[in-house]
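Engineer: What follows is each chain in one-letter form.
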Amino acid sequence: MDTKLEQIVKVLQEKAGATCEEFRDEVHVFIPAGQIVDVLTFLCDEHQFSLLSAMTAVDYLPQDATQPRFHVIYQLTSLVQNLSIQLRVPVRGDQFKVPTATSVFESANWREREISDMFGIEFEGHPDPRRILLPDDWEGHPLRKDYPLGYEEPQFTFNFEEIDVRKPYVKE
Amino acid sequence: MSLDHLQEIPVGPYKHLVSERAIHGETMILNMGPQHPSTHGVLRLVLELDGEVVINCIPEIGYLHTGIEKNMEAKTYLKAEVMTDRLDYMNNMGNNLAYVMAVEKLVGLDVPPRAQALRVILTELQRIASHLVWLGTTALDLAAMSVFLYCFREREIILDIFEMVSGQRMMVTYFRPGGVWRDVPVEFESAVRDFIKLLPKRLDEYEALLTRNPLWLDRTVGIGKLEAATALQYGVTGPTLRASGVDWDLRKARPYTGYENYEFDVPVETKGDTYARYLVRVRELRESLKIVEQALNKLPMGPVRSDDRKFVPPPRSELGTSMEALIHHFKLWTEGFPAPKNSIYSAVESPRGELGVYLEGDGGPKPYRVHWRTPSFDNLSVLPKIVKGHLVADLVAILASIDIVLGDIDR
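Going down the list, the sequences are from chains A and B. Okay, so the first sequence: first residue is 39 according to the working numbering, each after it adds one. Okay, so the second sequence: first residue is 138 according to the working numbering, each after it adds one.
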């Protein structure tokens with residue numbers, strides 16, 4: 039690990055109760071959900087991590103209810119120091135809530151909309167919590183592991199009407 | 138003339154995003170897209186207009202959402218690669234590269250030098266093709282028809298080269314984990330050399346048409362200014378960020394696939410307007426040519442695929458004589474190769490910016506989670522910020538100048 043990064047991780051461990059893992063020269067730091075905005079502000083303001091490169095989530099769908107179901111992932115880049123750090127926020131419980139990072143990074147706005155669209159994680163205090171990629175009346179959150187992949191039956195001339203009656207717009 | 142077909146759209150869902158005046162009906166809410174030639178795909182913009190001036194702009198995306206991330210979870214690492222071509226359909230080789238590099242990093246696989254050099258040549262040709270399409274369509278949006286025809290003429294040569302190496306013009310899937318699909322044919326080198334000899338002259342011609350053209354300058358200079366700090370806040374990367382004065386190119390900052398072996402400059406402009414973005418891209422075209430030429434001159438001989446049989450299938454010639462090879466062939470094409478239970482993030486510089494792949498394995502032969510950090514998604518998110526106060530006609534210029542690809546945004 040880079041020495042600068044090592045110092046930052048040390049501070050995070052002391053201040054925010056973070057734990058750290060390393061894989062293929064990448065640093066993954068686990069942060070409790072309540073601390074994430076403070077940690078992002080700290081990294082952005084004091085260590086020039088000015089670019090939120092990526093933000094996503096993973097659904098682990100644990101059998102054991104005490105394990106966190108989701109990880110929300112923040113990939114930060116410092117252009118000045120040419121460093122990267124990955125923050126991971128485990129999301130537990132039956133109400134999946136994480137504080138919004140839009141106050142620190144504007145780019146979190148659309149990314150958080152995408153994550154709540156795809157995973158159903160609520161970002162508390164988000165200024166514009168609409169769905170982003172899917173239609174507003176879509177049911178479910180497709181990237182969850184308990185959401186089936188599914189398919190659409192192709193309509194041909196011979197079975198057009200048979201399939202047409204099963205389309206969602208018929209219900210209305 | 139009847140104006141009945143002009144309908145305002147309801148303010149309701151956008152109440153928190155438009156001004157007070159729209160709610161009282163003083164300004165007009167108008168739909169632009171998704172079927173609109175200058176939105177570069179199926180993008181819908183909800184505009185709040187005061188006369189012809191844009192007060193607010195709300196992008197509505199998702200019309201091209203194909204669930205690629207979900208689909209990739211259901212395929213083996215190798216089979217999932219065909220979906221990467223369909224993301225950013227102007228940068229197929231670049232998407233392949235981002236994905237195979239992620240897989241190689243996750244499983245720890247080395248790539249022979251010849252394959253690395255071929256990857257550089259083809260990705261840079263792809264960058265040229267992508268920038269040519271951008272230049273042509275942007276010029277078309279700003280009513281310069283001829284540039285469009287010229288750019289597509291040159292892009293055709295690159296697509297022919299792609300067809301020569303991979304059998305496909307666009308959906309190439311040429312790079313594979315551990316190398317490339319197969320070695321390039323003998324006529325590849327002369328075809329690329331002809332092209333890099335031809336293009337500089339042609340670029341001079343385009344520049345003669347545009348760079349100091351007063352009409353072009355009127356439409357682009359000072360339009361859609363983007364400050365460096367705002368750009369970073371919104372996660373903007375690539376030429377759009379470099380036009381705002383931030384010298385950040387992953388090929389230089391974190392060289393991959395042997396970019397450290399080639400000499401090239403990263404064009405940076407400071408003005409941050411539509412014209413600066415044009416200049417950066419045109420200069421990038423010339424830099425890419427430099428890289429292609431150097432890579433072609435240094436192209437080493439040797440294998441184009443790793444010989445790690447746990448990940449790369451054996452050549453067909455071995456199947457008749459070696460039991461081991463047959464077993465590996467069977468295992469790789471039925472079950473696929475396993476990847477460790479861990480995650481990596483790997484990023485490349487696409488023609489539009491940082492194209493990142495978050496890849497997580499679960500010990501099995503299929504990815505547990507793939508996330509594409511696509512540059513167009515973030516570059517588009519800054520649009521509402523920079524179009525405020527401009528005319529609708531300038532909105533078209535700004536939208537074109539940030540170079541979005543809807544397949545890249547909606548995934």
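Just so you know, these hints were derived from the structure itself, not from any lab. Treat each hint with caution, since some may be false.
Stated by the list, open to error - For the chain A half of the interface with chain B, some residues (derived, Cβ under 7 angstroms), not all of them:
| no. | residue |
| --- | --- |
| 1 | 62 |
| 2 | 89 |
| 3 | 94 |
| 4 | 96 |
| 5 | 144 |
To be verified - Below 25 angstroms or equal to it, Euclidean Cα-Cα: the simulated BS3-like pairs (lysine-lysine) are:
| no. | chain 1 | residue 1 | chain 2 | residue 2 |
| --- | --- | --- | --- | --- |
| 6 | B | 447 | B | 427 |
| 7 | A | 183 | B | 447 |
| 8 | B | 216 | A | 42 |
| 9 | B | 212 | A | 183 |
All values reported here derive from a predicted model rather than from experimental measurement. A virtual CB, placed ideally from N, CA and C, is assigned to each residue, including glycine.
Engineer: If a hint holds in the structure, say so; if it does not, say that too.
Structural biologist: Against the structure, the hints:
1. Look at residue 62 of chain A: its Cβ gets to within about 6 angstroms of chain B, closer than 7 angstroms, so that hint holds up.
2. A hinted interface residue such as residue 89 of chain A counts as satisfied when its beta carbon comes closer than 7 angstroms to some beta carbon of chain B; here the least separation is about 5 angstroms, so the hint holds.
3. Hint status for residue 94 of chain A: holds, given a least beta-carbon distance of 4 angstroms to chain B, under 7 angstroms.
4. For residue 96 of chain A, the interface hint holds, the least distance from its beta-carbon to any beta-carbon of chain B being 5 angstroms, beneath 7 angstroms.
5. This hint holds: residue 144 of chain A has a C-beta 4 angstroms from the nearest C-beta of chain B, less than the 7 angstroms allowed.
6. As the CA atoms of residue 447 of chain B and residue 427 of chain B are separated by approximately 37 angstroms, the hinted pair breaks the 25 angstroms bound.
7. Straight-line distance between C-alpha atoms of residue 183 of chain A and residue 447 of chain B comes to about 28 angstroms, which puts the hinted pair past the 25 angstroms bound.
8. Distance restraint check for residue 216 of chain B and residue 42 of chain A: the Cα-Cα separation of roughly 39 angstroms exceeds the 25 angstroms cut-off, and the hinted pair is therefore not satisfied.
9. A threshold of 25 angstroms between alpha carbons decides the hint, and for residue 212 of chain B with residue 183 of chain A the separation of about 15 angstroms falls inside it, so the pair holds.
The structure shown violates the earlier hints numbered 6, 7 and 8.
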